[in-house]
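Asker: Listed below, chain by chain, are the residues.
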Amino acid sequence: MPLSELTDEQVVAASLERRESFGVLVNRYQERLTRYLRRLGVTRAEDIEDVLQDVFLKAYRNLNDFDQQLRFSSWIYRIAHNTAMSFFRAKRVRPEGMLVDDGEEALSHVKSDLNIESEAERNFDAERLRAALDTLDAKYRDVLVLRYFEQRDYAEISDILRIPEGTVATLIHRAKKRLADALGTTPKNV
Amino acid sequence: MTTPNHQPLADKVLEQIEEQHVAPRPRWVFVVKNTAFWALWIVCLLIGAAAMAAALFAFTNAGWEFREVTHPEIVSFLLENVPLLWIVALSLMLIFGIENLRHTKAGYRYPMILIFSLNLLGSAVLGFGLFKLGAGQFVDQEVGSRIPFHRPMLIKQERDWTTPQRGLLSGAVTDVQEDFSTFTIQTFDGKTLTIAGDDVSEKGRDVLTRFPFVRVVGLPQQEEATATVFHACFVFPWEVTGGGFPPPPDRTAHTFQMRLPPTEDFADDSPCAALQTVQQLRVLERAP
Chain C
1 MPLSELTDEQ VVAASLERRE SFGVLVNRYQ ERLTRYLRRL GVTRAEDIED VLQDVFLKAY
61 RNLNDFDQQL RFSSWIYRIA HNTAMSFFRA KRVRPEGMLV DDGEEALSHV KSDLNIESEA
121 ERNFDAERLR AALDTLDAKY RDVLVLRYFE QRDYAEISDI LRIPEGTVAT LIHRAKKRLA
181 DALGTTPKNV
Chain B
191 MTTPNHQPLA DKVLEQIEEQ HVAPRPRWVF VVKNTAFWAL WIVCLLIGAA AMAAALFAFT
251 NAGWEFREVT HPEIVSFLLE NVPLLWIVAL SLMLIFGIEN LRHTKAGYRY PMILIFSLNL
311 LGSAVLGFGL FKLGAGQFVD QEVGSRIPFH RPMLIKQERD WTTPQRGLLS GAVTDVQEDF
371 STFTIQTFDG KTLTIAGDDV SEKGRDVLTR FPFVRVVGLP QQEEATATVF HACFVFPWEV
431 TGGGFPPPPD RTAHTFQMRL PPTEDFADDS PCAALQTVQQ LRVLERAP
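Line by line, the protein sequences give chains C and B. The first sequence: position 28 = 28 (the numbering used here), numbered continuously. To convert, count from 1 in the second sequence and add 190; that's the numbering used here.
To be clear, the hints were calculated from the coordinates, so they are not data collected in a lab. Since the model is a prediction, treat every value here as computed from it, not as a measurement. Some clues are possibly wrong.
To be verified - Distance condition first, Cα-Cα at most 27 Å in a straight line; then the derived DSS-like pairs of lysine-lysine:
hint	chain 1	residue 1	chain 2	residue 2
1	B	Lys295	C	Lys139
2	C	Lys58	C	Lys111
3	C	Lys58	B	Lys322
4	C	Lys91	C	Lys111
5	C	Lys91	B	Lys322
6	C	Lys177	C	Lys139
7	B	Lys346	C	Lys58
8	B	Lys381	C	Lys58
9	C	Lys139	C	Lys176
What the hints assert, rightly or not - Take a look, some chain C residues computed to stay more than 12 Å from chain B by CB distance:
hint	residue
10	Glu127
11	Ser158
12	Arg162
13	Gly184
From the three backbone atoms N, C-alpha and C, an ideal C-beta is built for every residue, glycine too.
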């Protein structure tokens with residue numbers, strides 16, 4: 001069976017036998033992780049490339065640590081998240097996320113999920129959403145990015161950020177409230 | 191997708207893997223790492239349990255029943271007898287244990303409250319078992335005596351009960367006159383004292399004959415005026431709860447189940463009538 005038809009987990013096993021197979025995983029995740037890194041705040045193309053290389057080298061070095069009970073995507077996202085945080089610490093910069101080309105889709109998710117009272121208030125654009133997200137603490141921004149931009153479910157977010165699912169739910173609930181406040185919108189009375 | 195210098199990222203990564211001789215770390219490294227976190231968690235749990243056993247030992251042997259005699263103010267009693275060292279040790283072990291558990295492979299999935307409760311419960315159950323086996327005394331005395339600023343509970347008790355000027359004495363019963371008019375004890379600091387026992391009740395006399403170590407509540411006397419140095423009013427057994435391997439037989443229950451005549455009040459001319467805590471001590475003496 002060609003490598004391209006194998007699941008991620010099967011490619012991991014193949015990569016342990018033959019390192020060239022690892023290139024398949026790089027190709028599969030390069031774009032997704034690039035978007036994710038940009039959303040986390042790694043904005044310069046050179047920085048993204050450096051961080052991405054670091055992510056894949058770490059992943060390769062730690063292939064035997066991959067838990068087959070996890071999704072490979074959660075595992076590689078975790079490495080990407082941790083590498084990005086190390087990058088920010090090394091550069092001593094506060095990450096400022098940016099929405100990428102598919103931001104409109106995320107925007108509609110956020111709008112439908114924020115329970116905003118009036119139609120007029122719901123009419124904010126991607127730029128305003130980005131500005132509002134940047135005012136949030138990193139812990140809130142991280143969960144919102146994973147939930148609305150990366151379309152990850154609670155279990156995956158739990159695996160990526162290494163926090164219990166209940167904590168993910170709490171963080172998302174609080175993050176939504178803070179985001180609504182930052183956007184200056186009025187939540188619906190439930 | 192290509193990188194800014196137009197070389198596909200996959201090729202670049204594979205090139206670096208080859209150039210830098212990067213190889214996947216062997217599986218055993220991760221197994222050892224994960225096992226180490228579990229092992230450290232178990233160590234933390236065991237040390238926490240030992241601290242819990244020592245805290246239970248110190249708590250139960252703080253002399254609560256004699257509190258009104260030894261410490262008129264409850265605040266000073268609590269401040270002196272709270273087993274702070276063991277509470278701090280238990281808390282630290284809980285924190286380290288939780289940290290270790292959360293660093294195991296799937297430890298992050300469990301809510302903090304669950305991990306905390308499990309750790310506390312584990313330390314409490316194990317600690318109670320160790321306390322019942324007598325390990326609490328061992329930890330409090332043998333480990334505690336090597337830690338600066340910590341005084342093991344039994345040493346504290348012995349010190350509190352070797353203060354004849356405050357009416358408190360304790361030690362090993364070495365001799366008892368047949369009519370209980372006097373008896374001698376060797377105090378924990380090695381002195382042999384002759385004590386007047388005229389006012390000791392039947393229950394107190396029974397304690398003197400049955401128990402090797404006793405606590406005596408009474409009044410100091412001038413050596414020049416009497417042959418005795420202390421006038422005993424009450425005698426209680428000196429007992430250690432949760433001490434020794436194996437735990438000593440419970441002789442108190444046997445003693446107090448004996449049918450003894452009711453205790454009478456002190457005569458008006460007895461020096462014991464002047465004791466401020468007579469009522470409390472009588473209640474304690476009559477307790478089953």
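Asker: Evaluate each hint against the coordinates.
Answerer: Going down the list of hints, with the structure as the test:
1. Note on lysine 295 of chain B and lysine 139 of chain C: the hinted pairing holds, with a Cα-Cα distance of about 22 Å set against a maximum of 27 Å.
2. Proximity of lysine 58 of chain C to lysine 111 of chain C is assessed by CA-CA distance (about 36 Å); at most 27 Å being required, the pair is judged violated.
3. A threshold of 27 Å between alpha carbons decides the hint, and for lysine 58 of chain C with lysine 322 of chain B the separation of about 50 Å lies outside it, so the pair is violated.
4. At most 27 Å may separate the alpha-carbon atoms for a hinted pair to count; lysine 91 of chain C and lysine 111 of chain C exceed this at roughly 33 Å.
5. With a CA separation close to 56 Å, the supplied pair lysine 91 of chain C and lysine 322 of chain B exceeds the 27 Å bound.
6. For the hint linking lysine 177 of chain C to lysine 139 of chain C, the alpha-carbon distance of about 14 Å falls within 27 Å, and the restraint holds.
7. The straight-line distance between the Cα atoms of lysine 346 of chain B and lysine 58 of chain C is roughly 57 Å, outside the 27 Å bound, and the hint therefore fails.
8. Proposed proximity of lysine 381 of chain B and lysine 58 of chain C is contradicted: the alpha carbons are some 72 Å apart, above 27 Å.
9. Pair hint lysine 139 of chain C plus lysine 176 of chain C holds up; C-alpha atoms about 12 Å apart against a cutoff of 27 Å.
10. Distance to chain B confirms glutamate 127 of chain C as a non-interface residue, since its nearest Cβ pair spans about 26 Å, more than 12 Å.
11. Chain B draws serine 158 of chain C into its interface by the beta-carbon criterion, the shortest separation being 7 Å against a cut-off of 12 Å.
12. Listed as a non-interface residue, arginine 162 of chain C fails to keep its Cβ farther than 12 Å from every Cβ of chain B; the least gap is roughly 4 Å.
13. Its beta-carbon lying about 34 Å from the closest one in chain B, glycine 184 of chain C satisfies the requirement of being farther than 12 Å from that chain.
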